[in-house]
Every structure is written in C-alpha cells, then in structure tokens.
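Work out the full structure, taking the sequences as your base and the hints as a guide.
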Amino acid sequence: MQNSFFNFLFLLLYKHHSKHIAVFIVSTLLVGLLASFMFLSSSIKHDALISLKEQPDFTIQKIRGGRSVDIPISLVDKFSDIKGVSYVAPRVFGRYYLPDRKHYFTIVGVDFFDEQLVTWINKLTKNIDIKTFLSKNQMIIGNGVKNYLKNHYYDSYFNFLTPTGKEKKVYIFDTLQKDTNLIANDIVLVDINLAREILGIQEDKATDIILNIPNPSERTNIKQKLLLINYDTRIITKDMLEKEYENLFNYKGGIFLLLFTITLITFMLILFQRYSMINNSDKKEIAILRAIGWSIKDVIKLKILETLSIAILAFLLGIVLAYLFVFYANAPLFRDIFIGFGNLQNSTTFTPVIDFGMLSSMFLFFIIPFIASVLIPVWKISITDANEALK
Amino acid sequence: MIQIKNLNKIFHTNNQNQFHALKDITFNVAKNEFVLLSGVSGSGKSTLLAIIASLLKPTSGEIIVNHKQIAKLPDLHASAYRNHDIGFIFQSFNLFDTLSVEENVAIPLIPTGLKQKEIDKKVTKALKLANITHKATTIAKNLSGGEKQRCAIARALVNDPQIILCDEPTANLDKENALKFIEVIKTLKQKGFTILIATHDSIFENLHEVDRIIHINDGKIL
Amino acid sequence: MDIFLSNQVLIFLFSESILYLLSFIAFLGAFSILRKWDFSAHTTAQYNLEKKAFLIVTIIFFTLILKIILLPYFAYTIDKLALLIPGAMCGAGVISANIYGNPLLALKIIILFCVGIWLIINHLDQKAINYPYFKIKFWFYLFIFTLLSIEYGLDIAYFSNISTKDVVQCCSVIFGISGSNTIAFNLTVTMLLVIFYVLYSLTILLSIQKNSLLLFVVSLLFFYIGYQSVVHFFGTYIYQLPTHKCPFCMLQKEYYYVGYFVWSSLFIGVFFGISNFLLKLLIHHEEPTLYRYTIIFNTIFVILCSSYVFVYYIKNGVWL
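Residue numbers (this note's numbering), protein chains in the order written: chain D, 68 to 458; chain V, 3 to 224; chain H, -2 to 317.
Treat the hints with care, as some may be off.
Below are the EDC-like pairs computed for lysine to aspartate or glutamate, each with C-alpha atoms no more than 20 Å apart in a straight line [said to hold, decoys possible]:
#1 Lys145(D) / Glu285(D)
#2 Lys49(H) / Glu313(D)
#3 Lys290(D) / Asp271(D)
#4 Lys59(V) / Glu121(D)
#5 Lys272(D) / Asp181(D)
#6 Lys364(D) / Asp122(H)
#7 Lys351(D) / Asp99(V)
#8 Lys250(H) / Glu313(D)
#9 Lys319(D) / Asp181(D)
#10 Lys124(H) / Glu455(D)
#11 Lys74(V) / Glu47(H)
#12 Lys350(D) / Asp99(V)
#13 Lys245(D) / Asp365(D)
#14 Lys77(H) / Glu313(D)
If you anchor each label on the Cβ, the simulated ranges turn out as follows [to be verified]:
#15 Thr296(H) / Lys7(V): 50 to 58 Å
#16 Asn10(V) / Ser376(D): 43 to 51 Å
#17 Leu31(H) / Gln5(V): 32 to 40 Å
#18 Leu218(H) / Gln5(V): 53 to 61 Å
#19 Thr240(H) / Val387(D): 44 to 52 Å
#20 Ile96(H) / Phe77(D): 18 to 26 Å
#21 Lys132(H) / Ile205(V): 48 to 56 Å
Just so you know, the hints here were simulated from the structure itself, not pulled from any lab data.
Please read all numbers here as calculations on a predicted model, not as lab measurements.
Just so it is clear, CB atoms sit at the ideal spot from N, CA and C, and this is done for glycine as well.
Structure (structure tokens):
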C-alpha cells in the first residue's frame, strides 16, 4: 500500500464526509452501547464469581412444606462425623425489613470463636479487635446501610425492633471497605447470638448449615449420605450456584443482544440505503478513475476500504468511549439494569475485565453486518461506465 | 500500431431509438504517426476515440492495437490496456481538484502495485515531459487552464504509454495556452509517441508535424 | 430457549445467518450467470453479465473470507460453552453434547478447504485474459453452497439441542484409555511418532518433487496422523500431564491459546498439500508456489509441536 493510495483514500474520505459522518456517529454509538454492556456484565460476573468462590461447597437447609425453616444445630455434629467433610458450621442470617417495608438490611450472625469465619470476615474489613467488639452490642455495616442510617439521623447506633417487641440498641463499630459494595452493600454483621435475637431464631436453631468438602470427587457421595440422614433437607452446592449465575448472566445478556440485533438490522438497512444513493459527482469520480486505467476490481477495493475505514474507526472510538464510560464514569443509568434496583443505593466501582475473545466477539458482531450491507452499494458505484468521464 | 476494420457503434437510447454513431469505419495508424480526427460536434470523432481507448465497446467490427484485440476485452484487461498502452487527455481535464499536481499524476499508478519510490520516479519524469514540474505541489483547483491541461498531460504520460489520445484538448484553453499545448505535443511526437487528436480547432490544421488528417462526418470517414 | 446459551452463541449464529443470506444471494446470481454466460458474444447483455459477475464474485469472496474467520470463533464459542454445560471442562465435552457436534465440526473443516480452493481458482481466473475458469468457478460455488446449506442447518440443530441439564463426558474420558478415541490401529505412541515424522519428511520430499497426486494422499494421511499425534503425544507436553489428552483444552487461555496456532498451521499445511491435486482435477492447472507453502506450514506445525517436547526435556531433564 503506497503513500499515494492512502493520500487518495483520505481525500475520498474527506470529500464524502457528509455521507460518512452520520454513519460514523451512529456506528460509534452502537459499538459504544454494545461494548458498555459487555464490559459491565463481564466485570460484574467476574466479581460475582470471585465472591462465589468464598461460598461453602454445600449449604444445607431444612425444608417443611416446600419452604426453608430454621434448622436444628444438633445436625452439625452428625455432619462432622461424615468422612470427607472438613468443616461444618451453622449460619444465622436473614432480612430485617425497615419501617417502609420495602428496603431491608441483611443481618449476618458471626460466631467469633470460629476461626474460619473470622478469617473470612477479615477479608471484608480490616482486622477487628474481637474483645472490644463483643464488649457490648455492636455491628459492622456495609456502605448502603451506613448511608441509610445517616439519612435517617442515626449517627452511632440503631434501634432494632425484635419479633418479641423488644427494642435492641446496637452501636456501629465499623464500616466495610468500599470494594465490597457489590455483595455486601446491605450487610449488618453482628455476633451470632445478637443476630438470633434480632431475627427471632431460637438458641438451638440456625438459618442453615454449611459444609466444606475439599475433595471434589467425594461430593456426590456425601450429598447422598446427607439426604439419607435427613430427607427433609435441601442441599445447595457451589457448582449449582455457579451454573445459576452463569445462566442468569447469559439470560440477561441474551435479551440485550436480541434487542441489539434488531437495532443492528435496522442499522444495516439504513447503511444499505445511504450508500446506495449515488449522485452524479460520485459517478464522475469513478468514471475518471476507470478512464485512466482503474479496473472495476480496483475501484471496488478502494470503495470497500473507504467504508471499512469508517467502520474500524467507529469501532475503535466506540470501544474507547465505552471503556471510559464504564470504568471511569462508573456507567451511570446503565448500571441499575445489572445491579438490581431492589434494595439500598449502591455505589460500586467496576474492575476492568477485558480479553481478546470479548473484543473479537464485538468486532465480528459489528463488522460482519456492516460489510454485508455495503457490498452491493459499493459494487453499484464501481461499475460506472468509463465513458461517463467524457460527459 | 492501430488497425480498425469495419467498426460500427450504435447507441440504444431508452425509448427504443437508435443512434448510429459510427458507420463502417476502417483505417490504420502507424507507429509514431500524428493523426488528426477532424469533424464538427456530433460527427462521431469523440466516439471513435473512446472506442480506441476502450472506454466504449463497439457494436461490431475489429480493432487491433499493438497486436491486441481491443474490442472484446473483459474489464480487467481493458483497464490494464488503458493503464499501460493509452494516455487519454479529456476535454474537461477531469482532475481531482483537492489533490496536488503530483498526487493527481500518481493516481493511474496506484493499482499497479508499484512501490512508492518508483511511483515518485515516474511522476517526476512525467511532470518534466509535460513541463509542469514547477507546479508539482500546487493544489489542482489553484491552477490556470493551461496548467491544468499540462497536469492532465503529465497524468496521461505517467505510465509510459505508447499512444496519446486527446479529445478536443484546446476547447477550454485560450490562444496562448493552446500554443503551449501544441509545443508539448510536438515534443511528444519527437519522442516517438503515437498521437491521435479529435478536434475541430483549426489551429492544428497547418502544423507540419501532423502526418495525416482524417475527416469524419456523420459517423463516416470522408 | 436453550439456544440463548451464551453471548458468543448468539453472535455466532447471527453472523452465520448473515453470511448464509449473502451466500444465498450469490447462489441466485451464480445460477443466472451460468445459464446465460457466453464470453464470445459482444452484446450489451453479456457485458452487463460481466458486471454482475463482479458483484457475485465480490460477495462470494467476502462471504468465504469471513467463513474462515468464523471457524476459530466457533472453536472459541464452543470453549466458552463449557462453563454452562455440566461435566464439560473444555470444547471436547461440548462438541459431544449431541449427535450433531462432530459432523458439524468435520463439515466446517471440509468447507474451509473448499473455500481455499475456490479462492485460488478465482485468483487464477481473474489473472488470465479470457476468464478460462469462469464456469468451473461458479459450478464449484454451487457445490460449496450446498455444503453451506447443510452446515447452516447443522448449526441450528446443534445449538438448539445442547442441554444445560444433561451431563456430558469430559475430555479425559473421551480421549483417555477407556474412551472411544484411542490411537488408531492400536499403535504405540513410539510407532505413531515414527509415522508422524516419516510422513512429514515425505510431504517435504514430494513438495520439492512437485508430485501432486502422492502429495495429496500423503497430506491426508499426515492430517490424520498429525491429529492423533497432537492428541496423544504432543498435547501431553503442552499440558505437562501424561494423562491429559485433548485437542480442545489447548485453545484455552491457560495455554496461551496455542491450540489455535497448532491446529491452524496443520490445516493450512495440509490444505496446500492437497490443493494442487484438486486444482489439477478441477481446472487442469497447478500452481508451483503452493508447494512452497506446504513446506512452510507443515514445518511450522512440526516445529511448534516438537518444541514443546524439547523445551520440557531441557527444563526438567526427563521425558513425561
């Protein structure tokens, strides 16, 4: 490719800029939209799956009438006896609905004498001084909770209303770090017994029981054993959760892509129409080229490169804008579609997760329809008869 | 060099009318001949030139240029022929106004796959031959009529064609520039080019470089 | 609804649909061109037909080039699906999720080879003065279009019949000792390797001698043996695990996507190896430069595979 060729190409791009500019802007917006969506969803998926890794291998709930009820702690010893199970612990947690009956806190009870649990907690916050924490009723809260409390003039404590009607004053000990916002926005961490009080769970019961089974090949066996011990339990495995997450993301993603496909098809039709409008000066231009020795093949090559340059430039610009939008501006408006506008206000930032495969997917998704739409218009103008140059 | 036998060209207009532009044309042009095609507007001389340049395909007849059958060439080879063997100079110059002279002259060379250095060499040579080197970097729309003409000549010469075809070259030039144009044509004749000029400008009639004048009227050679 | 399995599947099917639409348009055009083409006529109709031919050829050209790009993307899509299908760790499990998978993959590879031949014929046809291979080119395209139609049907059948609930076999089962893909003819690994290198040397020799028929046969054998060698020997060095035998896992990120390079160099090398014989068959003409490419790509393939073995030995002092 010679300099002369590029000179000529740029000339044509500039000369026809009124035709190209609209296409360029719309293409950039389309690519930007697609890329924002893909960056956002893969970033959230990435973070969600990482937090999922912290989940226990098995979660066991007691079922009555199809619904989960509190599970007796006595089962913990029974489960520990099973060979292959490395860790068993009861969990106490639940939703505490606020006076508006719409929003809630997620109360998580922690047994601070359980070393494993404490290591997990320390991942979310900095190292806490357990003694000071347990000296009175205190909680560690997520950022969404903090904002809510501030807005309702609760500076240093909150009054929980227990199911027995008693009020329980709990002081704020600390707030979780900002980067936990995706999963821990509405969390209230308290001592396990305090959690039981707030949620109205009896001393010898728990919300569920978690198990860790380090050897993956034993998991199916153990699941069957557990079901034999208690047939009225439901066992949720980490694999199932991972697959459900994947499916959820793919489902949401699929809907978006479907809608986007419809937009793309409309765009293709517009492209086709736009480039099919050939005016006389365009014709003359091509006729001159043909008259001085360019073959139809050469003209087609030139014209396709001309339209491709627009497509590629728009693609690159769209990607860059989407990157800035998602990872610097934190994707206002867009984010709500993903994070779920159910509960408390969330202000997470997103970790950039991009790979070559994602970029190729976007590139193919955009370029293939683009090229397909311009092939016929490009041909139409390239076959202009050379004798038009004589007129 | 050029052999034309029984050439016919019929134009079909949209409403089934026919216009018989060339009727049974036969003549030959030898190498390095300078031939004038003389006739009024509409006599068919421009059509004849266009067919020789393979810009139009004849309805019937034979035309052999440089031992090649021109009448039946598929597009790839017609354009190669136009690129290498012919240099065409249009009545309305047909330059790209926003490009400079040297960029305009380089355009025929782009699809040939030559490297940029070689392109530059050929462009320089053509500019010199057409006597327009001093305006190489000027944008085409800022050139005078005569300079545009010489730029067009340079472009026609850039790929070392053997045949130069000109369609009413002096129609848009004043007397002074027309004479300058003739000077360039005289140089080309000396350098061995075969030249065909379709014109009704009398300024050519008395040139002693002209080897032959072919008069065309109503599509027939007189 | 299971077809919306992943973003990649949607994008892949959308692209395939557009390409199929384009190829169908070209099919209709090719049909009418074949019926009326008469190169010796100089009627306006013939000249217009020539112009139309440019359109059809351009469409075919782009469609086929994009098909080439879609094959690695297909591999990538399959690989990503492994996350959704229980039991699958890589593309191997996904491909065997239903009966359409393996035939689809094989058909795609065959189509790619046909595409390559078509592109070469087209290039040669456009270089010559009187379009000598014009009709053959279009007839061959009609054949390719038939394959494309079957492929499109298989694409849809395959993807809509992948279940996210049924467990599939993982590659260690499919390619392992107890699986269905053991080494052919019960050869030992050593014998396999010997045949592998012998066949490679033969392809070099036959390319230098420009013997298209023998090279065709040897190339096909090399394709098969090369595949077996990669799965049962070279792959284990890529994974650094003597029991890990799988052609798909090496496409994943952890192995630096080397699978794409290994398989593409094999495909391209074999393609050039068989191309001259096929060209002779179709257009009675062969292109000497293609022999050179056979040597280049087969060598790249062999060096790539062997280097994993030698690097491992140098690093660890022992064979696997």
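Outcome of the hint check:
no. : hint                              : verdict
1   : Lys145(D) / Glu285(D)             : holds (17 Å)
2   : Lys49(H) / Glu313(D)              : violated (48 Å)
3   : Lys290(D) / Asp271(D)             : violated (24 Å)
4   : Lys59(V) / Glu121(D)              : violated (78 Å)
5   : Lys272(D) / Asp181(D)             : holds (17 Å)
6   : Lys364(D) / Asp122(H)             : holds (13 Å)
7   : Lys351(D) / Asp99(V)              : holds (13 Å)
8   : Lys250(H) / Glu313(D)             : holds (19 Å)
9   : Lys319(D) / Asp181(D)             : violated (38 Å)
10  : Lys124(H) / Glu455(D)             : violated (26 Å)
11  : Lys74(V) / Glu47(H)               : holds (12 Å)
12  : Lys350(D) / Asp99(V)              : holds (16 Å)
13  : Lys245(D) / Asp365(D)             : violated (58 Å)
14  : Lys77(H) / Glu313(D)              : holds (11 Å)
15  : Thr296(H) / Lys7(V): 50 to 58 Å   : holds (57 Å)
16  : Asn10(V) / Ser376(D): 43 to 51 Å  : holds (45 Å)
17  : Leu31(H) / Gln5(V): 32 to 40 Å    : holds (35 Å)
18  : Leu218(H) / Gln5(V): 53 to 61 Å   : holds (57 Å)
19  : Thr240(H) / Val387(D): 44 to 52 Å : holds (45 Å)
20  : Ile96(H) / Phe77(D): 18 to 26 Å   : violated (53 Å)
21  : Lys132(H) / Ile205(V): 48 to 56 Å : holds (53 Å)
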